[in-house]
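Asks: Residue numbers (our numbering), protein chains in the order written: chain A, 2 to 139; chain B, 2 to 139; chain C, 2 to 139; chain D, 2 to 139.
In short, the hints are calculated from the structure, not lab data. Heads up, some of the hints might be wrong.
One copy or two, either will do: identical chains are not told apart, so a pair holds if it fits within one copy or between any two.
With a straight-line cut-off of 25 Å between C-alpha atoms, the simulated SDA-like cross-links for lysine to any residue are [claimed, not checked]: (1) 122 with 98; (2) 122 with 65; (3) 122 with 6; (4) 122 with 2; (5) 112 with 44; (6) 112 with 67; (7) 137 with 121; (8) 122 with 97; (9) 122 with 101; (10) 137 with 39; (11) 122 with 5; (12) 122 with 102; (13) 122 with 13; (14) 137 with 119; (15) 137 with 71; (16) 137 with 117; (17) 137 with 18; (18) 137 with 118; (19) 122 with 8; (20) 122 with 77; (21) 112 with 135; (22) 137 with 124; (23) 137 with 8; (24) 137 with 52.
Only a predicted model underlies this, so the values are computations on that prediction, with no experimental measurement involved.
Take a look at the letters that make up each chain.
Number of protein chains: 4
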Amino acid sequence: MAYRTRLTVRFGDVDRAGIVYFPRIFHFMHVAQEDFFGDYVGVPYHRLIDEEGIGFPTVTDATEFLSVIRYGDVLDIHVFISRVGRTSATFEFRLHREATGEMLTRASQVKVAVNMQTWQKVSIPDRLRAAFESCKAE
Amino acid sequence: MAYRTRLTVRFGDVDRAGIVYFPRIFHFMHVAQEDFFGDYVGVPYHRLIDEEGIGFPTVTDATEFLSVIRYGDVLDIHVFISRVGRTSATFEFRLHREATGEMLTRASQVKVAVNMQTWQKVSIPDRLRAAFESCKAE
Amino acid sequence: MAYRTRLTVRFGDVDRAGIVYFPRIFHFMHVAQEDFFGDYVGVPYHRLIDEEGIGFPTVTDATEFLSVIRYGDVLDIHVFISRVGRTSATFEFRLHREATGEMLTRASQVKVAVNMQTWQKVSIPDRLRAAFESCKAE
Amino acid sequence: MAYRTRLTVRFGDVDRAGIVYFPRIFHFMHVAQEDFFGDYVGVPYHRLIDEEGIGFPTVTDATEFLSVIRYGDVLDIHVFISRVGRTSATFEFRLHREATGEMLTRASQVKVAVNMQTWQKVSIPDRLRAAFESCKAE
Numbered sequence: 002m003a004y005r006t007r008l009t010v011r012f013g014d015v016d017r018a019g020i021v022y023f024p025r026i027f028h029f030m031h032v033a034q035e036d037f038f039g040d041y042v043g044v045p046y047h048r049l050i051d052e053e054g055i056g057f058p059t060v061t062d063a064t065e066f067l068s069v070i071r072y073g074d075v076l077d078i079h080v081f082i083s084r085v086g087r088t089s090a091t092f093e094f095r096l097h098r099e100a101t102g103e104m105l106t107r108a109s110q111v112k113v114a115v116n117m118q119t120w121q122k123v124s125i126p127d128r129l130r131a132a133f134e135s136c137k138a139e
Numbered sequence: 002m003a004y005r006t007r008l009t010v011r012f013g014d015v016d017r018a019g020i021v022y023f024p025r026i027f028h029f030m031h032v033a034q035e036d037f038f039g040d041y042v043g044v045p046y047h048r049l050i051d052e053e054g055i056g057f058p059t060v061t062d063a064t065e066f067l068s069v070i071r072y073g074d075v076l077d078i079h080v081f082i083s084r085v086g087r088t089s090a091t092f093e094f095r096l097h098r099e100a101t102g103e104m105l106t107r108a109s110q111v112k113v114a115v116n117m118q119t120w121q122k123v124s125i126p127d128r129l130r131a132a133f134e135s136c137k138a139e
Numbered sequence: 002m003a004y005r006t007r008l009t010v011r012f013g014d015v016d017r018a019g020i021v022y023f024p025r026i027f028h029f030m031h032v033a034q035e036d037f038f039g040d041y042v043g044v045p046y047h048r049l050i051d052e053e054g055i056g057f058p059t060v061t062d063a064t065e066f067l068s069v070i071r072y073g074d075v076l077d078i079h080v081f082i083s084r085v086g087r088t089s090a091t092f093e094f095r096l097h098r099e100a101t102g103e104m105l106t107r108a109s110q111v112k113v114a115v116n117m118q119t120w121q122k123v124s125i126p127d128r129l130r131a132a133f134e135s136c137k138a139e
Numbered sequence: 002m003a004y005r006t007r008l009t010v011r012f013g014d015v016d017r018a019g020i021v022y023f024p025r026i027f028h029f030m031h032v033a034q035e036d037f038f039g040d041y042v043g044v045p046y047h048r049l050i051d052e053e054g055i056g057f058p059t060v061t062d063a064t065e066f067l068s069v070i071r072y073g074d075v076l077d078i079h080v081f082i083s084r085v086g087r088t089s090a091t092f093e094f095r096l097h098r099e100a101t102g103e104m105l106t107r108a109s110q111v112k113v114a115v116n117m118q119t120w121q122k123v124s125i126p127d128r129l130r131a132a133f134e135s136c137k138a139e
């Protein structure tokens, strides 16, 4: 089952065209990723970084912006993992307008486990791997 | 010839890991796009929106984050157009660290010409088309 | 009684010093203000702007940053109105770390009611005034 | 003499009301402060932090937003120091629209020298102090 989280579009997210400035959509996805680590994996992202010294920087992005996102929209964001390798995983994000269910953005991002001191790739720790493998598309 | 612009990474761009928070890299590319419209096309992006009522929202993104970008880095950003269709164009961005020439990020984004009132696709106006077609990779 | 809302500090809010980049604290206060309009006043801020054509730009700020705010902090933000004039009101923000109750930031901002088309000052509409007047410090 | 730097308002700085989202104005002032350290003081802000382990977090802000700042505005930002104490200094920012000279924002911010490891106050190092003391209002 995909993990789902909820996010409200704020005044500061919207540009002069009245829609979300698209770089902010990547911020929304990062926020959803942080919620996923805290709520689903059970390891708050800041503890992962601070205490375990591991981070998951993004190495590739493939995103389709299917429909505009507007101020006041409440987003229902689905997060799941479509592939788990030794050191990397592919995170999938689906942003829906909660009120209508319409899918607004669809993204696929490869993230790599790195040691935050050396920036070298490391194996994904077992308990994270187990969580990643269980989080599949609906 | 690709259009080139220069951007300095700022304190507020960098996250606690000491590298640029990746959603900010999309902001950098948007800034480079604005410079491209003003300097290369000869139509400041805000005039395009305000006076001609045309914008170029992004509909797809494909990005590779090849190397981390750090605070204090000066970026040499290359912008060119790899494809021009009737209503859309594919913008290419190559972010290099100016000091070393190393390519740090490579992105390809499809942008669609839309009427900013109706959000309907429109044909790319001729003078923009001519500029887009002349802006090829080096 | 002050209005209270809750906000979690995100990865993208934090700078390389490991603390919240201070311009983001003003964003947090704006988010709290939007929550105040939606939850306490009963008029979502975007409806106020879109349907009634009224906004509340900030004209002065006086802020004390009492203690640093860190990644992962959950903020308990108190909002109240210390003065209501004909066209302006003074909004007070108190940001506390929820876990300890410690006050981290204290701000006082004068906001003016303006017609969003003309940017002229307007009288604060009655139903907003009543809500503002009832929202006092604890 | 005040230090002066130049900044162009970007698409992503502007909100749906067509004016700069006010928390961004604090980002503009931070950018001007970084330019001041690099150009006027002669110590790039990131070297100060990385190599000398000293930062200047903001402890109080007093700002007047005199006039709206719009997309496409080019800002002429004046920075000067109105008071230098043992561990703190008061930074003054005056944002002008370059095209007209009109002052748009006036801010006064107290910054404290801190050791970035311990967050304890430290004396302002002599060469910074000399630079601060020489940078007075025009």
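Asks: Now, for every hint given, state plainly whether the structure supports it.
Replies: Checked hints:
1. In this assembly of identical chains, the alpha carbons of residue 122 and residue 98 lie at most 25 Å apart only when taken from different copies (22 Å versus 36 Å within one copy).
2. In this homomeric assembly, residue 122 and residue 65 come within 25 Å of each other (Cα to Cα) only across copies, at 17 Å, whereas the closest approach inside a single copy is 28 Å.
3. Neither within a single protomer nor between protomers do residue 122 and residue 6 lie at most 25 Å apart by alpha-carbon distance, with minima of 28 Å and 32 Å respectively.
4. Taking the shortest Cα distances, residue 122 and residue 2 never come within 25 Å of each other, neither inside one copy (28 Å) nor across copies (37 Å).
5. With identical chains, the CA atoms of residue 112 and residue 44 are at most 25 Å apart within one copy only, with a shortest distance of 17 Å there and 35 Å across copies.
6. Taking CA atoms no more than 25 Å apart as the test, residue 112 paired with residue 67 passes in both settings, with 23 Å inside one copy and 12 Å between copies.
7. When the C-alpha separation of residue 137 and residue 121 is checked against a cutoff of 25 Å, the pair qualifies neither within a copy, at 27 Å, nor between copies, at 36 Å.
8. In the homo-oligomer, the alpha carbons of residue 122 and residue 97 lie at most 25 Å apart only across protomers (23 Å), although the nearest pairing inside one protomer, at 33 Å, exceeds that limit.
9. For the identical chains of this complex, residue 122 and residue 101 are inter-copy neighbours only, at 23 Å across copies versus 41 Å inside a copy, given an alpha-carbon limit of 25 Å.
10. Taking CA atoms no more than 25 Å apart as the test, residue 137 paired with residue 39 passes inside one copy only; the shortest distance there is 17 Å, against 35 Å between copies.
11. In this assembly of identical chains, the alpha carbons of residue 122 and residue 5 never lie at most 25 Å apart, being 28 Å within a copy and 32 Å across copies at closest.
12. In this assembly of identical chains, the alpha carbons of residue 122 and residue 102 lie at most 25 Å apart only when taken from different copies (24 Å versus 38 Å within one copy).
13. Proximity of residue 122 to residue 13 under the C-alpha cut-off of 25 Å is restricted to the inter-copy arrangement: shortest distance 22 Å between copies versus 35 Å within a copy.
14. For a Cα distance limit of 25 Å, the shortest separation of residue 137 from residue 119 qualifies neither inside one copy, at 31 Å, nor across copies, at 38 Å.
15. Taking identical chains as interchangeable, the C-alpha atoms of residue 137 and residue 71 are never at most 25 Å apart, the minima being 28 Å within one chain and 32 Å between chains.
16. Within a single copy, residue 137 and residue 117 get their C-alpha atoms no closer than 27 Å, and across copies no closer than 38 Å, so neither meets the 25 Å cut-off.
17. Proximity of residue 137 to residue 18 under the C-alpha cut-off of 25 Å is found in neither arrangement, the shortest distances being 36 Å within a copy and 29 Å between copies.
18. Taking identical chains as interchangeable, the C-alpha atoms of residue 137 and residue 118 are never at most 25 Å apart, the minima being 31 Å within one chain and 39 Å between chains.
19. Proximity of residue 122 to residue 8 under the C-alpha cut-off of 25 Å is found in neither arrangement, the shortest distances being 31 Å within a copy and 29 Å between copies.
20. With identical chains, the CA atoms of residue 122 and residue 77 are never at most 25 Å apart, being 32 Å at best within one copy and 27 Å at best between copies.
21. In this homomeric assembly, residue 112 and residue 135 come within 25 Å of each other (Cα to Cα) only inside a single copy, at 17 Å, whereas the closest approach across copies is 36 Å.
22. Proximity of residue 137 and residue 124 under a CA criterion of 25 Å is satisfied intra-copy only: 20 Å inside one chain copy versus 41 Å between copies.
23. Taking the closest pair of Cα atoms, residue 137 and residue 8 come within 25 Å of each other only inside a single copy of the chain (21 Å); across copies the shortest separation is 29 Å, beyond that limit.
24. Within a single copy, residue 137 and residue 52 get their C-alpha atoms no closer than 27 Å, and across copies no closer than 42 Å, so neither meets the 25 Å cut-off.
Violated hints, in rising order: 3, 4, 7, 11, 14, 15, 16, 17, 18, 19, 20, 24; the structure is consistent with all others.
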